[in-house]
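Here the sequence shown stands for residues 1 to 84, where the numbers follow my numbering.
Quick caveat, the hints were computed from the structure, so don't treat them as lab data. For clarity, every value in this text was computed on a predicted model and none was experimentally measured. Some hints here could point you the wrong way.
What the hints assert, rightly or not - Computed beta-carbon distance windows for the label pairs: (1) E80 <-> T10: 30 to 40 Å; (2) V7 <-> V79: 10 to 20 Å; (3) V79 <-> T9: 34 to 44 Å; (4) E80 <-> V7: 26 to 36 Å; (5) N8 <-> V79: 16 to 26 Å; (6) V79 <-> E3: 13 to 23 Å.
Claimed, not checked - With a cut-off of at most 27 Å between alpha-carbon atoms, the simulated DSSO-like pairs for lysine-lysine come out as follows: (7) K34 <-> K76; (8) K62 <-> K34; (9) K62 <-> K48; (10) K48 <-> K76; (11) K83 <-> K34.
Here a beta-carbon is modelled for each residue, glycine too, at the ideal position from N, C-alpha and C.
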Amino acid sequence: MSEMIRVNTTLTSLNLSINRIRDDGAKSMSEMMKVNTTLTSLDLERNKIGDEGAKSISEMLKMNTALTSLNLGSNKIGVEGAKS
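All chains, please: the whole structure from these sequences, using the hints.
Written out as structure tokens, the structure reads:
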């Protein structure tokens, strides 16, 4: 999935809610999203993403200018992840 996101040139919205992506998946996806320029909406609700995954996502958001909507609801993001 991460490779598809990296090379995608047409998909603008992706719903991956309730997929148990967890921190490792969030890290992998974040790396690919750093170079994606077409995805504007990403739903990662209820994926057991914790602080480490949230930190990776925050780093991605510093570089990705296309993403305008991100749902991280009902994950396991604590204070440290929220701060990032």
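Run the structure past the numbered hints and jot down the numbers of the failing ones, going up. 2, 5 and 6
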